[in-house]
Amino acid sequence: MNRLAFFELIVAFRFMREGLMQTLLIILGVGLGAGVIIFLSAVLGGLQDNVVRRTLNFQAPIVVLPPDQVARPLRADTDAELASQVQPRSQQLRSIDQWQKVRELIARTPGVTALTPIVSGPGFAQRGDATKAVAITGIEPETYFEVISLREKIISGGVNLGPSDVIVGTDLAEQLGVATGDKLRLATARGAGATLTVAGIFDFGNKAVNERNVYIPLRTAQSLLELIGGVTAIDVRVEDPFAAERVAAILRARTELKVDSWIRTNEQFFVAMAAQTVTNTLIRIFVGLTVALGIASVLVVSVIQKSREIGILRAMGTSRGQVLRVFLIQGGLVGLAGSVLGALLAFAFLVVWRGVAKNPDGTPMFIINMEPSLFAIAAIGATLVGILSAMAPARRASRLDPVVAIRS
Amino acid sequence: METLRLDSVHKSYGIGTPVEAEVLHGVNLVIERGEFAALIGPSGSGKSTLLNVIGLLDQPTLGRVFIEGQEASVLGDAELTRLRGRALGFVFQHHYLLPEFTALENVMMPILAARGRPDAEMRATAAALLERVGLTQWRDSKANRISGGQQQRVAIARALAMQPALVLADEPTGNLDTKAADSVFDVLREINEASDTTFLIVTHDPRLARRCDRIIELVDGRIVSDRANAEVVRQG
Chain A
17 MNRLAFFELI VAFRFMREGL MQTLLIILGV GLGAGVIIFL SAVLGGLQDN VVRRTLNFQA
77 PIVVLPPDQV ARPLRADTDA ELASQVQPRS QQLRSIDQWQ KVRELIARTP GVTALTPIVS
137 GPGFAQRGDA TKAVAITGIE PETYFEVISL REKIISGGVN LGPSDVIVGT DLAEQLGVAT
197 GDKLRLATAR GAGATLTVAG IFDFGNKAVN ERNVYIPLRT AQSLLELIGG VTAIDVRVED
257 PFAAERVAAI LRARTELKVD SWIRTNEQFF VAMAAQTVTN TLIRIFVGLT VALGIASVLV
317 VSVIQKSREI GILRAMGTSR GQVLRVFLIQ GGLVGLAGSV LGALLAFAFL VVWRGVAKNP
377 DGTPMFIINM EPSLFAIAAI GATLVGILSA MAPARRASRL DPVVAIRS
Chain B
181 METLRLDSVH KSYGIGTPVE AEVLHGVNLV IERGEFAALI GPSGSGKSTL LNVIGLLDQP
241 TLGRVFIEGQ EASVLGDAEL TRLRGRALGF VFQHHYLLPE FTALENVMMP ILAARGRPDA
301 EMRATAAALL ERVGLTQWRD SKANRISGGQ QQRVAIARAL AMQPALVLAD EPTGNLDTKA
361 ADSVFDVLRE INEASDTTFL IVTHDPRLAR RCDRIIELVD GRIVSDRANA EVVRQG
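Chains as they are written, first to last, in this note's numbering: chain A, 17 to 424; chain B, 181 to 416.
Errors might be hidden in some of the hints.
On the chain A side, residues computed to face chain B include the following (Cβ under 7 Å) [to be verified]:
hint: 1; residue: Phe22
hint: 2; residue: Phe23
hint: 3; residue: Arg30
hint: 4; residue: Glu325
hint: 5; residue: Ala331
hint: 6; residue: Gly333
hint: 7; residue: Thr334
hint: 8; residue: Pro418
hint: 9; residue: Val419
Rather than coming from a laboratory, the hints here were simulated on the basis of the structure.
We put the CB at the ideal spot given by N, CA and C, even for glycine.
Extracted from the complex, chain A is given alone in its bound form (with noise of 0.2 Å):
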């Protein structure tokens, strides 16, 4: 800002000031508006992280598996005419090939975090009578627990798996009776079968998890789903969850594997993800332009009312440049003044919010967002929308006539 720009400042102040309750009233409606977009964007940020999170808990960002079985009928003559229907292949089983080198090859990938072999496969949970269908996980649980947060999830016992031991969820626990120490049995379809203690109970805060995964060490797995010195899939945790389709694409190319991102096996979740960011973006640029309108509109009137100080002050040697600075920074002091308002407002409400919005258990209902880049973004965001709005106003005083408007 040169130093002129100061003549401006304390001019546009004045006429703001004098003007108080015109000031006040349209730093309320710009601070209603800004309120409301910081609001918005708090709830719908939290309520994405929310499930982002909840989503993240249990399911790695990124799997390698196998790739895919396919059938491949012998004759592969294309010029002889074929009436035939293959038949898709059913998928057994299997470790994905030179798995140690596939491995390293991710760990070197950029954007990878963290990654973890695991053996998956299902089979039964036993106790006495009952008999539950579960998915059995092998881990290596140093390095599988920098991939998928079990450890903080654990409600009673531990997290040391020994060879015979094993972490089961809270509702299988419950629906087997068990609880940590006790014993139970794993079985596979294939009649291999083991005898493990309950070393460990997690609740993930989704039924299907906790009643499905029960954790078990990787080579206690390996030998139950016979899958010795195999493993079924790598888990991989990346930097930035959201640019895991990124990733994925590179390692698919890399490793010619079967590889999965979160992005594409929760394809609705982002679909209603993208479909309620738009609603919102849509809601904001309408408040946004209300709040314009409302800023321009007053500074119109503020014009015609100053029309004769204008003229004035451009009679006694005041540019059109600097006439037109004077409202541009009322428009941008309007705007600011107000994201200052609708910030607090905001702030004021989420509070309230988080306090009202609960769930039978007392827990809130939605984590919501309140990041300080948000509210500087809105004040950014606010002053500039303030500046834009005055830019048809203060060309209109810069080009004021002082003869026309000093006898107005």
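For this one, chain A is given, so just place chain B on it according to the hints.
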């Protein structure tokens, strides 16, 4: 030294429309430095238009305007604004002070507009000008909280803030009672004598015109008489 020179200045309004009217018909005028001149004439004779052209607030349709030897008609808007701010001071019939500011700030305003930032020197200049017009005790009052005569005196101080070569006063006492008018006129006269500032005063009041050194009479857009006033009536 010439403070102002007009070379056959014409001014028309509504050019190209059915209501086109020429208000000034080739006005020639020279005002020397330090003069205290009255511009008189009936309503509608073009006094205010002439003052606006001289004040660079309006452009002549034809002819040339020189302020302190600088030809104004060749200047762009920004340069005109600068020349106006530096060389000309205005006193209008209505004081037109900025009600948002105090008397002192109003006087400082032209300097502030030119320099951008207030400083102690600016403040001192403005305070001295207020003292000269006898308003020191009102310097911190809002412009709309003082009497009409006082407001007009603030406007005079403001017109002098940039030490202009020429002060243009359009019916400066038109809105004041006789006593206030006399006191405002005295202030103008004192300043003229003390600082050699040139004044051109538009007035309807023959009593005031008689107190000027030179009387220029404008009728129907033409100067019909321009005479030195031998018998300048001095108050007191």
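Would the hint on Glu325 (chain A) stand, with a C-beta cut-off of 7 Å toward chain B?
5 Å, holds
Is the interface hint satisfied for Phe22 (chain A)? The criterion is a beta-carbon contact with chain B at less than 7 Å.
5 Å, holds
Does the closest beta carbon of chain B sit nearer than 7 Å to the beta carbon of Ala331 (chain A)?
5 Å, holds
How about Phe23 (chain A): closest beta carbon in chain B under 7 Å, or not?
5 Å, holds
If you take the shortest Cβ to Cβ gap from Pro418 (chain A) to chain B, is it below 7 Å?
This interface hint holds because 5 Å falls under the 7 Å limit.
Taking the closest Cβ pair, is Thr334 (chain A) under 7 Å from chain B?
Hint on Thr334 (chain A): holds, closest Cβ of chain B at ~4 Å, below 7 Å.
Restraint: Arg30 (chain A) near chain B, CB-CB cut 7 Å. Satisfied or not?
4 Å, holds
Would the hint on Val419 (chain A) stand, with a C-beta cut-off of 7 Å toward chain B?
Cβ of Val419 (chain A) sits 5 Å from chain B, so the hint holds.
Is the interface hint for Gly333 (chain A) satisfied, with its Cβ closer than 7 Å to some Cβ of chain B?
OK, holds: Gly333 (chain A) within 7 Å of chain B, min 2 Å.
When the structure is compared with the earlier hints, no violation turns up for any of them.
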